[in-house]
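**Q** This is what each chain is made of:
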Amino acid sequence: MTQKPYLHIPRPTARPGEVPDFSYLKLSDAGAVDRPPVTEKAKNIEYLSHQLVRVLDEQHEAKGPWDPSLDEAALVKALRYMVLTRAYDDRMQRVQRQGKISFYIQSLGEEAISIGQGLALAPDDMLFPSYRNQGLYILRGTRLVDMMCQCLSNTGDMCKGRQMPIMYQNRDKNIFSISGNLATQFPQAVGWAMGSAIKGEKHIAASWVGDGSTSEADFHYALTFAAVYQPPVILNVVNNQWAISTFQGFAGGERRPFAARGVGLGIPGIRVDGNDLLAVYAVTCWAAERARNGHGPTLIEHVTYRGGAHSTSDDPSRYRPKDEWAAFPLGDPMDRLIQHLIKLGHWSDENQTALEQETKTIVDDAWKEAVSFGTMSEPPFLDAQLMFEDVFKEMPDHLKRQRDELLALTGDTP
Amino acid sequence: MSQMNMIQAINSAHLLMMEKDPSVVVLGEDVGYFGGVFRCTDGLQKKFGEHRVIDAPIAEGGIISTAIGMGVNGLRPVAEIQFADYIYPGFDQIVSELSRLRYRSGGEFFSPVTIRTPCGGGIRGGQTHSQSPEGIFSHISGIKTVMPSNPYDAKGLLISAIESDDPVIFFEPKRIYNGPFDGDPDKPGVSWSTHPMGEVPKGYYNVPLGKAAVVEEGDELTIICYGTIVHVAQAATRLTGVRAEIIDVRTLFPLDIDTLKKSVEKTGRCLVAHEATRFCGYGAELVSSVQQECFWHLEAPIERVTGWDTPYPHAFEWKYFPGQQRIAAGIRKVMEAG
Numbered sequence: 001m002t003q004k005p006y007l008h009i010p011r012p013t014a015r016p017g018e019v020p021d022f023s024y025l026k027l028s029d030a031g032a033v034d035r036p037p038v039t040e041k042a043k044n045i046e047y048l049s050h051q052l053v054r055v056l057d058e059q060h061e062a063k064g065p066w067d068p069s070l071d072e073a074a075l076v077k078a079l080r081y082m083v084l085t086r087a088y089d090d091r092m093q094r095v096q097r098q099g100k101i102s103f104y105i106q107s108l109g110e111e112a113i114s115i116g117q118g119l120a121l122a123p124d125d126m127l128f129p130s131y132r133n134q135g136l137y138i139l140r141g142t143r144l145v146d147m148m149c150q151c152l153s154n155t156g157d158m159c160k161g162r163q164m165p166i167m168y169q170n171r172d173k174n175i176f177s178i179s180g181n182l183a184t185q186f187p188q189a190v191g192w193a194m195g196s197a198i199k200g201e202k203h204i205a206a207s208w209v210g211d212g213s214t215s216e217a218d219f220h221y222a223l224t225f226a227a228v229y230q231p232p233v234i235l236n237v238v239n240n241q242w243a244i245s246t247f248q249g250f251a252g253g254e255r256r257p258f259a260a261r262g263v264g265l266g267i268p269g270i271r272v273d274g275n276d277l278l279a280v281y282a283v284t285c286w287a288a289e290r291a292r293n294g295h296g297p298t299l300i301e302h303v304t305y306r307g308g309a310h311s312t313s314d315d316p317s318r319y320r321p322k323d324e325w326a327a328f329p330l331g332d333p334m335d336r337l338i339q340h341l342i343k344l345g346h347w348s349d350e351n352q353t354a355l356e357q358e359t360k361t362i363v364d365d366a367w368k369e370a371v372s373f374g375t376m377s378e379p380p381f382l383d384a385q386l387m388f389e390d391v392f393k394e395m396p397d398h399l400k401r402q403r404d405e406l407l408a409l410t411g412d413t414p
Numbered sequence: 001m002s003q004m005n006m007i008q009a010i011n012s013a014h015l016l017m018m019e020k021d022p023s024v025v026v027l028g029e030d031v032g033y034f035g036g037v038f039r040c041t042d043g044l045q046k047k048f049g050e051h052r053v054i055d056a057p058i059a060e061g062g063i064i065s066t067a068i069g070m071g072v073n074g075l076r077p078v079a080e081i082q083f084a085d086y087i088y089p090g091f092d093q094i095v096s097e098l099s100r101l102r103y104r105s106g107g108e109f110f111s112p113v114t115i116r117t118p119c120g121g122g123i124r125g126g127q128t129h130s131q132s133p134e135g136i137f138s139h140i141s142g143i144k145t146v147m148p149s150n151p152y153d154a155k156g157l158l159i160s161a162i163e164s165d166d167p168v169i170f171f172e173p174k175r176i177y178n179g180p181f182d183g184d185p186d187k188p189g190v191s192w193s194t195h196p197m198g199e200v201p202k203g204y205y206n207v208p209l210g211k212a213a214v215v216e217e218g219d220e221l222t223i224i225c226y227g228t229i230v231h232v233a234q235a236a237t238r239l240t241g242v243r244a245e246i247i248d249v250r251t252l253f254p255l256d257i258d259t260l261k262k263s264v265e266k267t268g269r270c271l272v273a274h275e276a277t278r279f280c281g282y283g284a285e286l287v288s289s290v291q292q293e294c295f296w297h298l299e300a301p302i303e304r305v306t307g308w309d310t311p312y313p314h315a316f317e318w319k320y321f322p323g324q325q326r327i328a329a330g331i332r333k334v335m336e337a338g
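Taken in order, these protein sequences are the chains called A and B. Every letter in the first sequence is one number past the one before it in the numbering used here, and letter 392, counting from 1, is 392. Every letter in the second sequence is one number past the one before it in the numbering used here, and letter 291, counting from 1, is 291.
Check each hint, because a few of them may be wrong.
Said to hold, decoys possible - Pairs of lysine-lysine, BS3-like flavour, derived with a Cα cap of 25 Å:
no., chain 1, residue 1, chain 2, residue 2
1, B, K211, A, K393
2, A, K400, B, K262
3, A, K199, B, K20
4, A, K199, B, K262
5, A, K400, B, K261
Honestly, the hints are just simulated from the structure, not real lab data. Just so it is clear, the structure is predicted and the values come from calculations on it, not from any experiment.
Isolated chain A (complex conformation) (with noise of 0.2 Å):
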């Protein structure tokens, strides 16, 4: 038989009006994948990467040796986190639609990443995150209104009006300033992570991208790095099936989980249930205590799936099913979270409403403070001058020059 050639183009299981179909995903049951000591070499954990760390079950109960045994302050915590972070991207979306803000970018259905994540890891830890971890900065106390002003680019704008909503930052809570070129913190983490660890310091970094920004290289250089110089990092894929249109088969999915890139070089890959926050908070302890012991870096890959568009410039129905995200077999993160809390009695339906509202009122508060300090289209504006501020520390000849042009035509001053 003579055989040719053959281009592969990945298709994904479903296109807008089939059947959702998630078969291609394999599970493992909650609490029957094994926890090894964090002193483990990667050579005998490779299973990880292949396997999925659930600790909830279908029950809603906490299983296995992953369970982080977390008391009900922290659960209830994490869930008010949740919570608050669905609530914001709810009233940006909102905003977003109204035309208050040019643009937005929810995390809905992968909130349980940025909380577990940000639970598990120290104030001091630096972190690198991608556009869709919103959640910590809100779990690191960045204030709502400063979030809302970069997102409305107005004069309390932390960027000064210089970078498009949700490109967030915040030195004070350790959290790097977003990039909207895609996977290029992921490098830079493993870097942050060396220096701590030439300074001698405990401190490791976090970053995440998504399943797409995988293909990029700077995710590669980002693991020969933390390969080559074992630097206290945590480096996280989520992945959320959905590259904009494109499904994960089109960064390489279909062949081994994202959390297998890590086994190639020797370092440890955990796929995790990332719709499971006592397991991604788990998982998350775990790669933090090897890190900052000394036993190197860590790769993530939560399993998630991106429950609204990739972005309000985006339009899914174009290209997966709607009800994609409904047959999902993780289901939906706070759903799950709200579920065990009831399970084991700490929560209810009242104590659910009770904080969706309460979160409502602190979202509502927040915005109403945030426009009195301008929109897009109502006063106070950002001074345009400060356009030229920050290209360098001090501000050159050129610049000034080029600032006086535009103020002798604005008719400002100075």
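Please arrange chain B on chain A, whose structure you already have, making use of the hints.
**A** Just chain B now, kept in the frame of chain A:
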């Protein structure tokens, strides 16, 4: 004072800064144990250890991005890109990240990375070991670009670059690492010991960024150049007998326009020369700036002598290189015009 070639001067700048500031770290391909393919980091790892002088994987994008992360963590990294021709895998990290971090974060974050990289031709490097991409990077907002033409400036400018809280790309014209080169490949090489700028203090000093140097004074013509071409222009001037004022811009960005202006206002004629390709090259900015500042003082169109708009060919290196004859022809043209 002591005699140093440019490699020794660059090495000395590293040594002094690493002694002075424990946050200075060096990383790059072959920079550690081996001391760099051009020997610029020779002996540093032995003195400062493997944690401060780091041999890196062959991944320029990884070198620059990890340097950025180190800089955010309070270190002051000096990253070597082995040849400027290899810098492009790190282009996104330079353009989108390093140069804009302070701006995009409203001044909250910055990373004081210095990127050193040998550039330019005349060493039989062909099209992958001869490029002069300084114009590409001088076009980027938020990064400073430097190219010294002698050991004294190389050390002083590199010290300023390392001390700068703004990112700097430091281009090292490798043809003149070991001695000044007047553009004639048939002449025996000369060492820096024959040149006054080969006299370099052993201790600390700096040459400020953003200040051009008047290399030779003259009143008939201003020649604006940098790097290897400074020496070629001096030789070409002697061929023509024209009393040219030769200015070495040294820092390409920010450009010291005042020094250029003062000279062209005096001479009324201007020639711009560089080794890099012509179209949209750094010389175009020089011509434009001089024209804007000095138009009513100009007695002739400003002339440009550059590398041809082709890749740098291995076999025709000296036909590509803007040598003495081409610069002399440019000088005659600008002197005869008007």
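**Q** Check each numbered hint against the structure and report the violated ones by number, ascending.
**A** The structure conflicts with hint 4 only, although it agrees with all the remaining ones.
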